[in-house]
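2 protein chains.
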Amino acid sequence: MTRAGFQFDIVARDRQTAARSAVFRTPRGDVHTPAFMPVGTQATVKTLTAHEVATSGAEMLLANTYHLSLRPGEETVAELGGLHQFMGWPRPILTDSGGFQIFSLAEMARIDEQQAVFRSHIDGSTVRLSPERAVAIQEALGSDVAMVLDHVVALPNAADVIRDATQRSVRWAERCRAAASGKVPQLQFAIVQGGLDPQLRQWCADQLVALDFPGYAIGGLSVGESPAEMYTVLDAVCPALPQDRPRYLMGVGRPEDLVEAVARGVDLFDCVMPTRNGRNAVAFTDAGKLRLRNARFARDPDPIDPECPCLACRHSKAYLRHLFMAGEMLALRLLSHHNLTYYQRLLAEARSAIAQGEFASFRAGKLAGWQTAGGGEPTQSPGG
Amino acid sequence: MTRAGFQFDIVARDRQTAARSAVFRTPRGDVHTPAFMPVGTQATVKTLTAHEVATSGAEMLLANTYHLSLRPGEETVAELGGLHQFMGWPRPILTDSGGFQIFSLAEMARIDEQQAVFRSHIDGSTVRLSPERAVAIQEALGSDVAMVLDHVVALPNAADVIRDATQRSVRWAERCRAAASGKVPQLQFAIVQGGLDPQLRQWCADQLVALDFPGYAIGGLSVGESPAEMYTVLDAVCPALPQDRPRYLMGVGRPEDLVEAVARGVDLFDCVMPTRNGRNAVAFTDAGKLRLRNARFARDPDPIDPECPCLACRHSKAYLRHLFMAGEMLALRLLSHHNLTYYQRLLAEARSAIAQGEFASFRAGKLAGWQTAGGGEPTQSPGG
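Heads up: the protein sequence lines correspond to chains B and V, in order. Sequential numbering of the first sequence, starting at -12, is according to my numbering. Sequential numbering of the second sequence, starting at -12, is according to my numbering.
Pulled out of the complex, with its shape left as it was, chain B reads as follows:
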């Protein structure tokens, strides 16, 4: 895929799975995929500076159109030089369209063919978001990748509700495409919807592929379905997407979900899980999650992971536990940085494994390590 200033170059493919490694080149820098985008909902990755997000290994991050349009408002961001300048992150940014937040955060949302009308979760004021407005906001923010506005519904749901929302999402994608001014260096990605129905997912993918978007997202997941159901959707959708375009699985997820999605050909991820878990004293490791409030760490002199280059792993688990028990904000920062660093290292290892033809053993090894600890928690929640 090549568009003005953007290029997606696949550099390695796994032989046994659909996993691939690529370089997504943008005017603001390269993103090595599979890649994880930290979530900077309100123009900040919670608790961290942009510099710290970069030192975690992140090359691209996500910000939320819904939140930023409500506060401080996209016009304010534009007046202050655009989102990159505003938040001090010079590298690529992807903005979502607000579809997921309307579904999850907004109060009394009513969606008709023209637009979504809802009440702001901040002050209760009435907000209207149409496909055209979602495009205009994202152009004002100046993100590198913009998402089309989609209609997200809860799962499980009645088949006709899902079909109706999926068909609307396709029509709205077409309207978003038409609304793009072409005046900003910004790619627009489409979003495949369709609930858990493989046929409907494939139909949606086919419709969107016919519209020739430069990238495709898989949306409407991590809304209550099981991991197995999610993987089944990926098995249906990924083969229907063009090989030469980036594929982005929205709002997912656990480390095991990322590895399984990479195996199915996904390139980009975002999720609040590493930062939210960090703020809740949960650290990701190759042996599963550590809950740092646990009394067994009270005198533990070792770091979470002596190999980890993050800010938390300069300290003992005893110190981290003390900070959490004492209610100190530094704890939230340190563990957020650890978890983001863990996710980045995981995907760096995945890229390396794909390049070296060792993805199968990488996948098996990681899954075995995590399974010792059990798991299975919902992966997505609204708003960073």
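By construction, these hints were calculated from the structure, which means they are not laboratory data. There may be inaccurate statements among the hints.
Where chain V lies over chain B, by a calculated footprint (3+ residues, C-beta under 8 Å) [to be verified]:
#1 68 to 82
#2 127 to 137
#3 295 to 306
For glycine and all other residues, C-beta sits at the position ideal for the given N, C-alpha and C.
Please arrange chain V on chain B, whose structure you already have, making use of the hints.
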């Protein structure tokens, strides 16, 4: 003053005031005075990493014996290598003795000649703190400077209550001296009490000076008195202290208080004001305080101070305001770092002014700048 591993060398004196500039040499590094010690109550300066505290310009910090003995306990800290190792701050640390926290934080404190008995503010358990125990805790923590346990009372108060507490503070200072093991490289500073009565303050200073401590603090201030009353106490106490020993004004204060105290011969300060104000969206500047939630900053593209090297001043005031309005923790970090950097730069300027014989114009210039904004807020509160 020279004690094993410690030395206090005065390098410059102002000709018109009692201001002096010195190097306080310790086994863990030099502290250039007048110096401000950020408050790391619970083994962390709130919201910041030790590295960030160092980049603000701080050379020494304060930690709280009361808090650390309750949580995680001084034995845990000792087992983990001592306070410096525990919190990742290799430079000098001063620990207070708990006297002020018993006064301000503990519930149902009863003080008799032997000790203070009170209930922990964390879990309500009964805690006993004697002069001997305060020494033992601070030796276990391994701080570079320990404070004697003093008896702090509220102001205003009955003359006999203040006199009784002051006399007890002297007796407790003597017991602390006797209790020091001499096995750790740690100086013990005495604390001059005496309320607002110049004669009682001088009497207390004389008693403590006769005991030949290597450093002297002025305590029991910032507990409700006016700035003028505080300055009157300094005028009485400082001349009674030996010229060759460091002088530490505990828990003070506003930038103007620091400058006025430096003029009266104070060398060391600590206060929660810069960090607490930072967490409350208030930034210190040479033109007074800025309240960053104010709507007038909503589209302000300029930093708080373009000359300031802190983390906040890489961003626009509009971005900082956005972070506060959005409830983002990053805002608290950035403004804490700004305010600590402001305090450190202020004292660096004071040292430079003293060395160059320009302290009078420095003092007048700073006071004029701050007075444009008005001010006068209480400076101290318990517990960082």
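Now for the hints, and whether the structure bears them out:
no.	hint	result
1	68 to 82	holds (count 4)
2	127 to 137	violated (count 0)
3	295 to 306	holds (count 6)
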